[in-house]
Amino acid sequence: MAISPLQSQALPAAARFFADRGVFGLVWIDDQLIVRWTYGHLAAFIGVGRPLAETVLAFVGSEDEILGFKADPSQSLELPGVAIVMAPDARDRVNLSLFYDPKQGCYMLLVACATLDATLEFEVVRHVRARLIAEADTSLKARELLRANRDLEQFAAIVSHDLKAPMRALQYLTEDMEAAASRGDPSQLRAQLAQVKSHANRMSSMLSGLLEYSSVGRKAMAVETVDTRTLAEVIAFSIPFGTGITTTVTGDWPQIETLRAPLDLVLRNLVDNAVKHHDRDAGRVELACTSDGQELTIRVIDDGPGIAPEHRAAVFLPFRTLADPGRPTAYLSPNHSFGIGLGLALVQRTVESIGGQIVLLPNASGSRGTTFEVRWPRELSTTVLLA
Amino acid sequence: MSGVAAYKVMLLGDIGVGKSSLARRLAFDRFTSDYKPTIGVEIYDHHLPSVGGTPVRLIIWDTDGNFGDAVLRHVYVKQAAAAMIIADRTRPETVSAMLRLGDGFAQMLPGRSIQYIVNKCDLPSADGIDTVLAGLPAGTSLILTSAFDGTNVAEAFQETAAAIKRRGY
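For the protein sequence lines, the chains are E and G, in the order given.
The first sequence begins at 1 in the working numbering and counts up by one.
The second sequence begins at 1 in the working numbering and counts up by one.
Since the hints were derived computationally from the structure, they do not count as laboratory data.
Worth double-checking, as some hints may not be accurate.
To be verified - Listed next, the in silico SDA-like pairs over lysine to any residue satisfying Cα-Cα at most 25 angstroms (straight line):
1. G/K78 <-> E/D20
2. G/K78 <-> E/R299
3. G/K78 <-> E/S238
4. G/K36 <-> G/A154
5. G/K36 <-> E/F69
6. G/K78 <-> E/E178
7. G/K165 <-> E/E63
8. G/K78 <-> E/T225
9. G/K78 <-> E/Q188
10. G/K78 <-> E/Q75
Claimed, not checked - Partner residues aside, some chain G positions facing chain E, computed with beta carbon under 10 angstroms:
11. R24
12. F28
13. T32
14. G40
15. D45
16. R57
17. D62
18. D64
19. G68
20. L72
21. R73
22. Y76
23. L99
24. R100
25. L144
26. F148
Unchecked claim - Some chain E residues well away from chain G (every beta-carbon gap over 12 angstroms; in silico):
27. G61
28. A71
29. R93
30. T243
31. A313
Computed from a prediction, not measured in an experiment: that's the story for all the values here.
Backbone N, C-alpha and C fix where the C-beta goes; we use that ideal spot for every residue, glycine too.
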């Protein structure tokens, strides 16, 4: 499961303040009750990557009850004044408060200092917990607002810059057509009309692509069981015959609960991209996957011409096409987004909308080929599902 | 020790009956004469190499005797597989408390194993205690222990683990 974003980016300031001063420790636990991350020295005794009950003995026997919190997040388990005695003289006591945070999609354990007045301490823990949840909520909303603002700025830039070029071309063409009509030159007029049609089609494609791009992450989709190997094989073997490109699917492709359409879109676009931009009569594209408890790491590897270092930073920007118009391509994708340079932008936005990441891996010096690495979370956070 | 069945066992009883001393004798084979009342709960991890042929892990919850009968309504007792309820052989009132806690535990968590323990058997028994104990219903699981010299301590926990396994908890 994905236990970000709080753990790595946005640990609320209040939580960090108290945890850094040893007032309490924070523990993030996935829904298999495996400890995924701890913060603060009070939680340092808890083993990361191990079952919660294995290191916090107080939870032995309560696993089923805890799993039920996911269905009813109003419940919590609060154990005051607990000392786990591993040595004859060790009697350090802590207050334990375990709850499910639906906003982060994981369980959280607060390990608080315990003195003599457990009632008072638990009142403090309750306040800290409420604050933590409230700040997490604010933090998520702030991030969503940032994303919305970034989208708006990107849209403004695209509309003002990228759509202006074909619009300007249309303006010049109509002026030329007026001149051709005045001269009585029908053949010139016909040629320019064809260009007007071409520019209009391109603008239409760009607008359709923009609509598609803007809707990523905002469509209601159902989580379903996806056999990722079958999905990858269907995509790999759907490349039209005669391209000269050999596709292979390698590695460990598990069955996961996820959104099928976005995963299909991402893999299909990456494979299509690799095939489309291949510059030789024969080549290969490999879809490789490894997985762990949290995510799938999928690589789409080709032996095409690669992407020049000076263009690598721009590959995910909308309406940036790096293809050399004069270079032959083995196969032209029916996906109109490619023709206008939206394919990789769409892929990146889709991956990020489900909480994953995509990167273009660096090439060894002088080597050919391109490798895109997609990190696809095994489990979608509640935030994604509610988006 | 993942893969080994782990069971939560409550140590209940009046203040000063020797709950912590029994837990420490079991866990560390040690007895300390300086009495420190337990505040909250102390949890011990004890591995039994063979209970009916398989290893068992007991997670022993040594509770604060100040709770009295209210401990049965406390979150500490939730999901317990068994209770070991302790009295002090030298104080008759602790036997009454033991039996009351036993009845309460059976009502709160029906079907769970209850092991009654009369501790401090290295000391002379108070007047009338043996008569009370002799009058317990047939089938009551009772064992005399001494945390001081270790008498029957390991046996009491072994018997509790066996009872948990028999009952399937």
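Hints, verified against the model:
no., hint, in the structure
1, G/K78 <-> E/D20, "violated, 32 angstroms"
2, G/K78 <-> E/R299, "violated, 48 angstroms"
3, G/K78 <-> E/S238, "violated, 57 angstroms"
4, G/K36 <-> G/A154, "holds, 22 angstroms"
5, G/K36 <-> E/F69, "violated, 36 angstroms"
6, G/K78 <-> E/E178, "violated, 88 angstroms"
7, G/K165 <-> E/E63, "holds, 19 angstroms"
8, G/K78 <-> E/T225, "violated, 36 angstroms"
9, G/K78 <-> E/Q188, "violated, 89 angstroms"
10, G/K78 <-> E/Q75, "holds, 14 angstroms"
11, R24, "holds, 7 angstroms"
12, F28, "holds, 5 angstroms"
13, T32, "holds, 8 angstroms"
14, G40, "holds, 2 angstroms"
15, D45, "holds, 6 angstroms"
16, R57, "holds, 8 angstroms"
17, D62, "holds, 8 angstroms"
18, D64, "holds, 8 angstroms"
19, G68, "violated, 16 angstroms"
20, L72, "violated, 16 angstroms"
21, R73, "violated, 14 angstroms"
22, Y76, "holds, 7 angstroms"
23, L99, "violated, 25 angstroms"
24, R100, "violated, 24 angstroms"
25, L144, "violated, 25 angstroms"
26, F148, "violated, 16 angstroms"
27, G61, "violated, 4 angstroms"
28, A71, "holds, 18 angstroms"
29, R93, "violated, 6 angstroms"
30, T243, "holds, 51 angstroms"
31, A313, "holds, 46 angstroms"
In summary, the numbered hints that this structure violates are 1, 2, 3, 5, 6, 8, 9, 19, 20, 21, 23, 24, 25, 26, 27 and 29.
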